[in-house]
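There are 6 protein chains.
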Amino acid sequence: MRVVTFGEIMLKLQPEGYLRFFQNDKMLATFGGAEANVAVSLANFGVDSRYVTKLPEGPIGQGAVNSLRYFGVDVSKIARGGDRIGIYFAEKGASQRGSVCIYDRDNSAIKKSSKEDFDWNDIFDGADWFHYTGITPALGRNVYEILLEAVKLAKKKGLTVSCDLNYRSKLWSRESAREAMTELCKYTDIICANEEDAKDVFGINAGAATDVKGGKLDLAGYEKSASELQKMFGAKYVAYTLRTSINASENEWQGMIFDGKDFFYSKKYLIHIVDRVGGGDSFSAGLIYSLLNGKSAREAVSFAVAASCLKHSIEGDFNMVSVAEVEKLAKGDGSGRVVR
Amino acid sequence: MRVVTFGEIMLKLQPEGYLRFFQNDKMLATFGGAEANVAVSLANFGVDSRYVTKLPEGPIGQGAVNSLRYFGVDVSKIARGGDRIGIYFAEKGASQRGSVCIYDRDNSAIKKSSKEDFDWNDIFDGADWFHYTGITPALGRNVYEILLEAVKLAKKKGLTVSCDLNYRSKLWSRESAREAMTELCKYTDIICANEEDAKDVFGINAGAATDVKGGKLDLAGYEKSASELQKMFGAKYVAYTLRTSINASENEWQGMIFDGKDFFYSKKYLIHIVDRVGGGDSFSAGLIYSLLNGKSAREAVSFAVAASCLKHSIEGDFNMVSVAEVEKLAKGDGSGRVVR
Amino acid sequence: MRVVTFGEIMLKLQPEGYLRFFQNDKMLATFGGAEANVAVSLANFGVDSRYVTKLPEGPIGQGAVNSLRYFGVDVSKIARGGDRIGIYFAEKGASQRGSVCIYDRDNSAIKKSSKEDFDWNDIFDGADWFHYTGITPALGRNVYEILLEAVKLAKKKGLTVSCDLNYRSKLWSRESAREAMTELCKYTDIICANEEDAKDVFGINAGAATDVKGGKLDLAGYEKSASELQKMFGAKYVAYTLRTSINASENEWQGMIFDGKDFFYSKKYLIHIVDRVGGGDSFSAGLIYSLLNGKSAREAVSFAVAASCLKHSIEGDFNMVSVAEVEKLAKGDGSGRVVR
Amino acid sequence: MRVVTFGEIMLKLQPEGYLRFFQNDKMLATFGGAEANVAVSLANFGVDSRYVTKLPEGPIGQGAVNSLRYFGVDVSKIARGGDRIGIYFAEKGASQRGSVCIYDRDNSAIKKSSKEDFDWNDIFDGADWFHYTGITPALGRNVYEILLEAVKLAKKKGLTVSCDLNYRSKLWSRESAREAMTELCKYTDIICANEEDAKDVFGINAGAATDVKGGKLDLAGYEKSASELQKMFGAKYVAYTLRTSINASENEWQGMIFDGKDFFYSKKYLIHIVDRVGGGDSFSAGLIYSLLNGKSAREAVSFAVAASCLKHSIEGDFNMVSVAEVEKLAKGDGSGRVVR
Amino acid sequence: MRVVTFGEIMLKLQPEGYLRFFQNDKMLATFGGAEANVAVSLANFGVDSRYVTKLPEGPIGQGAVNSLRYFGVDVSKIARGGDRIGIYFAEKGASQRGSVCIYDRDNSAIKKSSKEDFDWNDIFDGADWFHYTGITPALGRNVYEILLEAVKLAKKKGLTVSCDLNYRSKLWSRESAREAMTELCKYTDIICANEEDAKDVFGINAGAATDVKGGKLDLAGYEKSASELQKMFGAKYVAYTLRTSINASENEWQGMIFDGKDFFYSKKYLIHIVDRVGGGDSFSAGLIYSLLNGKSAREAVSFAVAASCLKHSIEGDFNMVSVAEVEKLAKGDGSGRVVR
Amino acid sequence: MRVVTFGEIMLKLQPEGYLRFFQNDKMLATFGGAEANVAVSLANFGVDSRYVTKLPEGPIGQGAVNSLRYFGVDVSKIARGGDRIGIYFAEKGASQRGSVCIYDRDNSAIKKSSKEDFDWNDIFDGADWFHYTGITPALGRNVYEILLEAVKLAKKKGLTVSCDLNYRSKLWSRESAREAMTELCKYTDIICANEEDAKDVFGINAGAATDVKGGKLDLAGYEKSASELQKMFGAKYVAYTLRTSINASENEWQGMIFDGKDFFYSKKYLIHIVDRVGGGDSFSAGLIYSLLNGKSAREAVSFAVAASCLKHSIEGDFNMVSVAEVEKLAKGDGSGRVVR
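Residue numbers (our numbering), protein chains in the order written: chain A, 1 to 340; chain B, 1 to 340; chain C, 1 to 340; chain D, 1 to 340; chain E, 1 to 340; chain F, 1 to 340.
So here's chain A without its partners, still in its complex pose (with noise of 0.2 Å):
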């Protein structure tokens, strides 16, 4: 079964342990993206995973696809040309100090990419799920309309469409998010999101202050916040991930999924963080596998949440795990134990 994912993937300059920004001459020199994040956890638990982009040709381009191949991502419907790669400044909080992330993404290849660069058809060919999330249409006006084209031919051909809300306020307005969405929500089977997106984007006040921040939970406000979100455009499912963050250092994960009817929460995890960006995206790709797998809404969300509590664990953006791996944590082994 193929999923086809598209959106950026950037070049991400990091520097080496709990280190600052320069504190010494040494940067890990890696690649990530939302939705690349997601092609790639897709293909370690064994789906075929399509991935589409444009990446400038030459070598730093070419770092970005042999990234994506050494999973077995195909690669082959990536679109070649313009004159940068995007690049993102990534550093590594610890306890109360907070990751700080800065974007070098202007006219990047992708950003500056256009309708010719693209052939739906022949992408979607063989394909039964599309995903993208809210990362890509606030990329720019052009890329927004890619995507639009994108996601309504992928509805017409039949296949189920998802997306993560994933709400940047450094990309665009709340306004832009709101009414480009809205329109693409039309055509989206499955939403996934956390309660701040969904009143980032669409204004859902979950009623109930939920202090994010200061570390409470308001299940209540969340059932509220999906249950709008799920009305507002008929989705078949609405999902959550509901992060506690203690601080830098130790997290609290836990996700829902509403059905229209039920909500199904999986287990909480308190996790002691390695490297949390990348969270959300491992996220989608558990629910997705399941989902495409045959499994139940309360399945799906349960091995969701132990995939991505396991990304917590692995260094870089790419969450290297297996279904067995994500199975045997699902079903409650967290104990870290070694087997010889």
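None of these hints come from the bench; they were simulated from the model.
Please note: incorrect hints may appear among the correct ones.
For chains that are exact copies, the list does not tell them apart, and a pair is met inside one copy or across any two.
Claimed, not checked - List of simulated lysine-lysine pairs, DSSO-like, C-alpha gap at most 27 Å: (1) 170 - 111; (2) 170 - 331; (3) 199 - 331; (4) 170 - 112; (5) 328 - 170; (6) 328 - 199; (7) 295 - 236; (8) 155 - 186; (9) 155 - 115; (10) 295 - 155; (11) 155 - 112; (12) 77 - 186; (13) 152 - 186; (14) 112 - 186.
Here the structure is a predicted model, which is why all the values come from computation and not from measurement.
Dock chains B, C, D, E and F against the given chain A, drawing on the hints supplied.
For chains B, C, D, E and F alone, kept in the frame of chain A given last:
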């Protein structure tokens, strides 16, 4: 006072930090093995520590020899020859992701060794103590027979004989383990184990379900298990480590010793794990050091658990701590403050 | 506004990560010292920060100068000459294993410096504040006398004078410390300390046993101690850091300031430690910055503790945080969330 | 156009830089093998490159698969199973100190593979070319037979078949090599070799003593050797690499091709060696690429030698150069100037 | 004596050692740029060196500022603002493989700067010399105009003005270069160049074909070229670097200066290259230092070439050598012996 | 056969690769010293090698002990005590940039040692040979006297005594050296030196100007110098190393031995230097090994020069080569080819 240990030392290949296998192109290349870990720990306590194994000629085998020599372990009785050193690939877990251990130890020099390789009369010259673990006889019938000859001679020459059950399901079946260990334990004065080993090797069922993965320990069950094990062989001491795996980053750690009459418990430590490999071996070493130096059972278990608690804060298989450092912790200073 | 600090900056040699000394063949080679740490932290807050010491000619001494210049510290008044820079070997602890600090600082340039090396009239040109710690006079009678001349002149020229008691048992006896600090504190407006320093240096016994290693803090005792200290010298402010060392990986951290009338407490933070070296120095810097900028005692202790809380999440001795980052935490956001 | 290669890919463990084995605790852990090196080089030239081997299940075997997939090599026909991957320890020489290569490849998955593991009809689907080296049949009688079946079928299906003699004295005797290679070469169109291989495998004595270690090359002897080899099997082309090992840091490197009538020589390069492993493999890849694309023998040897000259400037076994880079050098620009 | 330089400093991302881009996951992240390189080299010679550019706010721009401050460069006149810092990806060549340089410098702060960003009257306060290179006007019409204003004012205020032609074909055409440089050179006293630059920018054809790539230099052609260039602008001095690229690992390096009457040649060095980036910049810095300190043309070219010869043995763009080290080489000791 | 060496082992701090001091924040931290280098080299040749020095208690001194123990050096006679270990900072040169060596060795344990620290009767138990260098008596009058006692006793007990003149101008004057070495050489059978040492220490002027820095060697002058030296003390052998420093990356290296009658020259090697530190020490070790094993003077100088030639290809002070590797080179194979 001289302690002899006998077993397999392997080349250990481990990704840096918390990386998964081949997440980058570097690996830590060190050496370790249960009995070698005990030997190094004893050398660090100032004991005259003689380690016996078989290693191939050439720079790879020599690397293992040198790694022991570095700590002052007596390597003069190591047999040389054979085709290869055993290898194990180790990946360090974190949070809910457990550590991974992959063996590539077939056809190692020690596995293919024969009685002619070891002159136990010479090896035991000047020795007071002989220690082995359940891994050594699991290496093959030939190694079991070499070991049996050794324990018999050790007993005859008046050495104290100790073992750590250390059941490895990847090396042999429970049935084979039971048969071999039953014979070996007849000549063994002091048995280190945990409740799982006792169940796996000797079928000792502690009755009350002890949910190790769930993190709950049942002291009554532990006592029942240790008591049965002690009776089975009339051992002078049976010592248990009690690990509660909260997750791969946090464990509780405690020890208990049974002298056939009384159960002595150490303090329980909550450990932030740097590296848990070698935890049990450092416990054995602490116990041997204490009893060799005439400490009481109560003192010995307190020292052994403090030693192995410190091991969890040290990278690699070897416990690089001094007697003074262990005693400082055993006496109650676990604050981690700096003296300046 | 210009702050002058005076003390010893050393070459710091530290194994990578949590390795023990010489566990591999690499060491981090950076520079640090209590007063230099304060100077760098102030420069990072945008203060005109002038640091005074003596360093040998040649690339090793120049390395220290450059490490300060990197952050914009004014190094123009550093004397050059002498034979060597002091060195300290530092090993980072974890869990129950404490950090280790080994000094090799005898015969350093600053220890062998003389009055002729420093023209305090010139050094204090344009300065508003002078800061030193109890380490500086501990370097030798000659350094004490240089410092005494400096504080007297500072006082005379109307600078605010602050100190951090920083008692170092490896450098001098309690008797020597008391004699020197009693004289110096006469010219000191603001004294930073903790309860142990107050006891070690001035014999102030807070009455109630405060079991620092056991992790319990007695606020009444702290107030009694600070109050006595304040009265002893008529200091404008006495500020205390209250550290509870749970273990080498987790500490609680709080601050208190006494203005001769009221005790103001900061929030208490539970810290996952990345590196605790320089924690006290970052507190002093935060306090100086705040008071220099006309903040109230309550605001100052809140800022100082937030600053030093962040220091614990940063590798190395220097606190690399901005005023904005400190204020964000002081205002209550310690969730470590990423802004994207 | 599709090229199929078949052989063993191993885990390569190598100390950093010019360190001797275990001089520090780190090793580069990459993958390589003569035929895999050819496959990767071809993929880097844009060829549809399919690599066939057998690798164990699990993360170590998967690491090898991913390392090929990274470069776009088609790994879909790799058989999975068996117990282990072959390992080789490599130490890089310098100046008068030669490189060291220690094999630990017994019992590898490919060595224990059987005919059932490979469906050559399926593997050759769409293929134009089949390449192997003398290392593959040296892995064992079973692998020789698998290979013999493959070359016969390849021949039958009209593929061009090429081989590199690659005699490895550590793997088999000259007699075994001669017997196997004589049979295999019957179905081989193009033979890559050097004078030593021709002598070791086929006993071709070039007459004039060629003192390879002394650094002198005798072109007449080379021509005689190549001529005999060509006649022996009626090969379409025999191509020789001519290496003069001045020392481990400097080599001269040249190539020659014989079409049964004329000898064509490439330019001779004086190389400052970064890494010479894979030098011969990159020559084979360059030759295959050129001939596959209809180049003349003269052009082919020029391209192949330029490609392998560049390989010597690249770390690791794989030749990471593009066609454009090779052509730039082949056309005469070896100045190493930067284009800015 | 104060020297002002003006240009673009970029973030430089470079794989470790001789690795190709993304051959592993690490990159060196340093800062460099032709004029900044000159400024740092001058600071290392003890000159009061003021560097002018525009850099974005935030930690990435600050990293560039700090990297200059580290060497004592005066950064007080650097404008802050704009969106990004220019980036360049650099791959170090070896043997026949040339270095690769990929620019991602569009839309950098300095490229989008305006006249308001620079108060040249203030910048030139206390200055004796102004230096720029041909890269600065290539950044855009706006930057050219800023620079033109600067050189005019410098001239008017009596500063010595020097430039390095530094033609970059990736930044502008020969026509644009000629137009801009013709105007700028009117106000320039000393022109550094090489024969290629003179041809590219001013169309000066040295007559005899100089085959730079082939490694032959034609001194007569060089003299003709320098002579024409000198006449064109009536420059006080024209100084040429004469590089013979034997390959990427070995270059010959010499300098020549023409005072309108005589040609003075430095010694010629055969260099084993560690890093050739910044070679020309270190020549300019050596020349400026010498002439600023009243050395003769002969002495200046000797010092400048020795300085830049040493630069080739140093990693990174910055020439980290002292006047004493340069003079030692200029006086003839290139034996590389250790003084102990 | 047992060889005893006596001297100072220091902590060596060296930037990575060719970096200048503090160019990044890492340093290699290893141990070395002329006599320790000889001791390790001998241990690597299989000799029973006993090294004598004094080192401080604690982990830094223990690091030095362990670094020797790693190679099997007998460390049982090392005295422990004192305040510090000597340190030396080393920067590796390249091309025209020479290596830099900065000592921080005052007040080291060995420098402050006294006769009571060494029981030479016990130390020489079972010994056949005693080796020292001119660095040892340069450490201070006390160390000279300890050494004098040792050489006298060695002579009396019939040991062969050898020394390497090793003049260090940073440690003592030529006058002091002459006085001390004249007395010590009376008891010395074999003197290793180079022409400069002979001139510096004993004022032996070889007549013809030998321009070492310019790279020309005058064999006649060498012979005259060696001859004078031999006569001065009636030494059994005088052995000279003949280094031509072409630059810091390339040296020529040859040896000569004089038996009072004939001059035997080794082959001359052109070396691409990896690390030249310890070159002379590895020559001494090669000579001692050969003569100890009854080789002729001709064979000894050939082996010694081959050994030290290989040392130049190895990182660090210790010569990590086996007898077989040296003999392979001495027999003429310097091609650096790989055996596979």
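Going through the hints against the structure:
Proximity of residue 170 and residue 111 under a CA criterion of 27 Å is satisfied in both settings, with 15 Å inside one chain copy and 23 Å between copies. With identical chains, the CA atoms of residue 170 and residue 331 are at most 27 Å apart between copies only, with a shortest distance of 23 Å across copies and 38 Å within one. Taking the closest pair of Cα atoms, residue 199 and residue 331 come within 27 Å of each other only across two copies (24 Å); inside a single copy the shortest separation is 33 Å, beyond that limit. In this homomeric assembly, residue 170 and residue 112 come within 27 Å of each other (Cα to Cα) both inside a single copy, at 18 Å, and across copies, at 21 Å.
For a Cα distance limit of 27 Å, the shortest separation of residue 328 from residue 170 across copies, 19 Å, qualifies, whereas the shortest one inside one copy, 38 Å, does not. Proximity of residue 328 to residue 199 under the C-alpha cut-off of 27 Å is restricted to the inter-copy arrangement: shortest distance 23 Å between copies versus 34 Å within a copy. When the C-alpha separation of residue 295 and residue 236 is checked against a cutoff of 27 Å, the pair qualifies only within one copy, where the shortest distance is 14 Å, while the shortest distance between copies is 55 Å. Only within a single protomer do residue 155 and residue 186 lie at most 27 Å apart by alpha-carbon distance; the minimum there is 10 Å, versus 58 Å between protomers.
Taking the closest pair of Cα atoms, residue 155 and residue 115 come within 27 Å of each other only inside a single copy of the chain (18 Å); across copies the shortest separation is 46 Å, beyond that limit. In the homo-oligomer, the alpha carbons of residue 295 and residue 155 lie at most 27 Å apart inside one protomer (22 Å), although the nearest pairing across protomers, at 49 Å, exceeds that limit. Taking the shortest alpha-carbon separations for residue 155 and residue 112, only the intra-copy value of 25 Å comes in at or below 27 Å, while the best inter-copy value is 44 Å. When the C-alpha separation of residue 77 and residue 186 is checked against a cutoff of 27 Å, the pair qualifies only within one copy, where the shortest distance is 26 Å, while the shortest distance between copies is 42 Å.
For the homomeric pair residue 152 and residue 186, the shortest alpha-carbon distance inside one copy (9 Å) is at most 27 Å, but the shortest distance between copies (59 Å) is not. Taking the shortest alpha-carbon separations for residue 112 and residue 186, only the intra-copy value of 25 Å comes in at or below 27 Å, while the best inter-copy value is 41 Å.
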